[in-house]
Amino acid sequence: MPKHEIILLKNMMEPGYTGSLKDYEKAGGYQALQKVLGKVAPADVTTMVIKSGLRGRGGAGVATGGEWTFLPKDYQGPKYLCCNADESEPGTFKDRQLMERDPHQVLEGIALACYAIGAETAYIYIRGEFVLGSRILDKAVAEARAAGYLGKNVLGSGATIQIHVHRGAGAYNFGEETALLESQEGKRGQPRGKPPFPATSGLYGKPTVINNVETLANLPHIVNRGPEWFASIGSPPKSAGTRIFCVSGHVKRPGNYEIPMGTTLRELIFEQAGGMRSDKPLKAIIPGGASAAFLTPNHLDVKLDFESVAQAGSMLGSGGVTVMEEGTDMVWAALRLMEFFHHESCGKCSPCREGSSWLVQTLRRILAKRGRMEDLETLVQLCNNIAGRTVCAFGDAEVAPILSTLKYWRPEYEALIREAEAHRAHELPMAAMRH
Amino acid sequence: MLQEKHRTEIDEILSRYPVKRSALLPLLYLAQREAGYISEEAMREIAGLLRLTPPQVYETATFYTMLNLKPVGKFHLQVCKSLMCALVGSDTLIGWLEKKLGIKVGETSKDGLFTLSKVECLGACGTGPMMQINDDYYERLTEEKVDRILADLKRDGASALKTGPFMWPEPNGAKQ
Ligand SMILES: Cc1cc2nc3c(=O)[nH]c(=O)nc-3n(C[C@H](O)[C@H](O)[C@H](O)COP(=O)(O)O)c2cc1C
Ligand code: SF4
Chain A
1 MPKHEIILLK
11 NMMEPGYTGS
21 LKDYEKAGGY
31 QALQKVLGKV
41 APADVTTMVI
51 KSGLRGRGGA
61 GVATGGEWTF
71 LPKDYQGPKY
81 LCCNADESEP
91 GTFKDRQLME
101 RDPHQVLEGI
111 ALACYAIGAE
121 TAYIYIRGEF
131 VLGSRILDKA
141 VAEARAAGYL
151 GKNVLGSGAT
161 IQIHVHRGAG
171 AYNFGEETAL
181 LESQEGKRGQ
191 PRGKPPFPAT
201 SGLYGKPTVI
211 NNVETLANLP
221 HIVNRGPEWF
231 ASIGSPPKSA
241 GTRIFCVSGH
251 VKRPGNYEIP
261 MGTTLRELIF
271 EQAGGMRSDK
281 PLKAIIPGGA
291 SAAFLTPNHL
301 DVKLDFESVA
311 QAGSMLGSGG
321 VTVMEEGTDM
331 VWAALRLMEF
341 FHHESCGKCS
351 PCREGSSWLV
361 QTLRRILAKR
371 GRMEDLETLV
381 QLCNNIAGRT
391 VCAFGDAEVA
401 PILSTLKYWR
411 PEYEALIREA
421 EAHRAHELPM
431 AAMRH
Chain B
1001 MLQEKHRTEI
1011 DEILSRYPVK
1021 RSALLPLLYL
1031 AQREAGYISE
1041 EAMREIAGLL
1051 RLTPPQVYET
1061 ATFYTMLNLK
1071 PVGKFHLQVC
1081 KSLMCALVGS
1091 DTLIGWLEKK
1101 LGIKVGETSK
1111 DGLFTLSKVE
1121 CLGACGTGPM
1131 MQINDDYYER
1141 LTEEKVDRIL
1151 ADLKRDGASA
1161 LKTGPFMWPE
1171 PNGAKQ
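Quick mapping for you: the protein sequence lines, in order, are chains A and B. Take the first sequence: its letter number 417 is residue 417 in our numbering, and every next letter is one higher. Our numbering runs 1000 ahead of the 1-based position in the second sequence.
In case anyone wonders, no lab produced these hints; they're calculated from the structure. Here a beta-carbon is modelled for each residue, glycine too, at the ideal position from N, C-alpha and C. There may be inaccurate statements among the hints.
Derived DSSO-like pairs: lysine-lysine, alpha-carbon spacing no greater than 27 Å straight-line [as the list claims (entries may be wrong)]: (1) B:1005 <-> A:139; (2) A:206 <-> B:1020; (3) A:187 <-> B:1118; (4) A:152 <-> B:1070; (5) A:348 <-> B:1020; (6) B:1070 <-> A:348; (7) B:1162 <-> A:139; (8) A:252 <-> B:1162; (9) B:1118 <-> A:369; (10) A:10 <-> B:1005; (11) B:1145 <-> A:252; (12) B:1162 <-> A:194; (13) A:348 <-> B:1118; (14) B:1162 <-> A:187; (15) B:1020 <-> A:139; (16) A:369 <-> B:1104; (17) A:187 <-> B:1145; (18) B:1070 <-> A:187; (19) A:139 <-> A:280; (20) A:26 <-> A:194; (21) A:252 <-> A:3.
Every beta carbon over 12 Å from chain A, so not counted as near; a handful from chain B, in silico [what the hints assert, rightly or not]: (22) 1095; (23) 1096; (24) 1098; (25) 1109; (26) 1111; (27) 1122; (28) 1135; (29) 1147; (30) 1164.
Quick look at which bits of chain A chain B covers, simulated, 3 or more residues with Cβ under 8 Å [unchecked claim]: (31) 6 to 16; (32) 76 to 88; (33) 136 to 148; (34) 183 to 194; (35) 225 to 239; (36) 321 to 330.
Whenever a hint applies, use it, and build me the whole structure from the sequences.
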């Protein structure tokens, strides 16, 4: 059993815990809401969150409390909170567990955030495939409303907090916050140009905060135990708290592991997740979801915090850690991810829409042993023409798998191409032209 | 007509949003639940309900991969093919399904029961290979499990092998 304290997954790890309101209350649930509602000023709740050092768990790692302060002061009209439950970054499957196993922890977090920013309505934007999760949340919202934790005049404080569950309908990039807003408004889920930022003009053109499920689930604990306590966990000041890492791929025990930030990749893979599944050694690691650059066994001692992973040339991202054993074809792996990005590109910007298609075609050609050495240069050029030249961060994300596999495993690409060249030499001139 | 049959549900959906158009996805889902897919007639009716033009509804409906604009089999098998599942055998799983159902990816069986699709990541990367059948997830699939699921669905229309509420690893040591 782990030596560190488990926070977010604690309740659900108790035998017999069902995630019902009763169970959650028994475990101390909704005490944070009772502690602050009508008793602590909303701005002081925000200050608490700033002091805790909490940063977003959805991918970008933005300071949560700081982000809230960008909402216009003294704004009188409606404001919104959107809980980003799109969980669509390949390699990530933690929000699903938080919602299905302990939904009230998420709801209490949402209610606290609503109170802090002065939003009367929150929407949980849940990816369409999570049908069970959306039913569980619907039921939990009804329970919380009946108990007075949500609705009008919550706990006698006068505050109104309504939560609605809104199901998406399939596509990766709704996770991007402005695409999520478009989709929620009943439009095609394509990102908006920024500015304006959602904090000033978000859902229905109103000030809006968008936070990830895991980010919000931390709030009750920060309120209950104090920002100083939270700021002492993990690798403060920049990476305070725990993270739920989702381990997938060739390990003995894939799954969700909550550990303090700053723990090494080695400990996560070899202690928590039980090490490699067979006697084949480790070959590659993706440390933060499909948009994060691949790392190698030389990076096993990299600490899992925002700064250390970035220094190693990748990113902590969404916490999805994918492990690959020796024998995994890196060109194939890059292609699989590229096919995903090509499929999910929303088509708004040409570099992403067209570039992703060319990248897939070029990788397929190389993998099918029909490539040429120039193709490697083409790949890099295409990537450089996509990253940084698109409306949303999808463009930067989609080039990471190719650029990083080219960086560390270029000989694999070259070997495939050399085979192609060997074949080509035996072909008649006309046949060669077809390639 | 959706309105006659589902008036209260439609009203409840509309009440959640300050702007009508936000109810579009929930209403399209309602239409899909009703008929298995979304017909042009349903889209026209929804347009009327939300004061949108039919092309506005069509524009949105065609963007979303989970909305079927054509009829599909009674059971829609969607297998995740993204890297994380591929590392643990999703290609093999697709092969089994094609063989057992006698259809290729993208096809529907002659009896109209099964449609097989390959899809991108469904957010179950630690428990692959996996597939979604209609509303339910089926994870950590083996050939034996696939046989049981298909038999269950044919016989009872449902299978106890569906998974969730999700937690992995399970708190008291892994079980199948
Ligand atoms: C292409 C793309 C996909 C994203 N997908 C998700 C997602 O599935 N879930 C999520 O919480 N954030 C996702 N994000 C990040 C969100 O845009 C946003 O930063 C996040 O929801 C903010 O919440 P946080 O500060 O609590 O992390 C995505 C970003 C991009 C560019
Ligand atoms: S970068 Fe890609 S996903 Fe993002 S807006 Fe442009 S086309 Fe759409």
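Here's how the hints hold up against the structure:
no.	hint	result
1	B:1005 <-> A:139	holds, 23 Å
2	A:206 <-> B:1020	holds, 16 Å
3	A:187 <-> B:1118	holds, 25 Å
4	A:152 <-> B:1070	violated, 42 Å
5	A:348 <-> B:1020	holds, 25 Å
6	B:1070 <-> A:348	holds, 25 Å
7	B:1162 <-> A:139	holds, 20 Å
8	A:252 <-> B:1162	holds, 23 Å
9	B:1118 <-> A:369	holds, 25 Å
10	A:10 <-> B:1005	violated, 44 Å
11	B:1145 <-> A:252	holds, 20 Å
12	B:1162 <-> A:194	violated, 42 Å
13	A:348 <-> B:1118	holds, 24 Å
14	B:1162 <-> A:187	violated, 32 Å
15	B:1020 <-> A:139	holds, 24 Å
16	A:369 <-> B:1104	holds, 26 Å
17	A:187 <-> B:1145	violated, 39 Å
18	B:1070 <-> A:187	holds, 21 Å
19	A:139 <-> A:280	violated, 45 Å
20	A:26 <-> A:194	violated, 44 Å
21	A:252 <-> A:3	holds, 20 Å
22	1095	holds, 16 Å
23	1096	holds, 19 Å
24	1098	holds, 19 Å
25	1109	holds, 23 Å
26	1111	holds, 25 Å
27	1122	violated, 5 Å
28	1135	violated, 4 Å
29	1147	holds, 24 Å
30	1164	violated, 5 Å
31	6 to 16	holds (count 4)
32	76 to 88	holds (count 3)
33	136 to 148	violated (count 1)
34	183 to 194	holds (count 7)
35	225 to 239	violated (count 0)
36	321 to 330	holds (count 3)
When held up to the earlier numbered hints, the structure conflicts with 4, 10, 12, 14, 17, 19, 20, 27, 28, 30, 33, 35 and fits the remainder.
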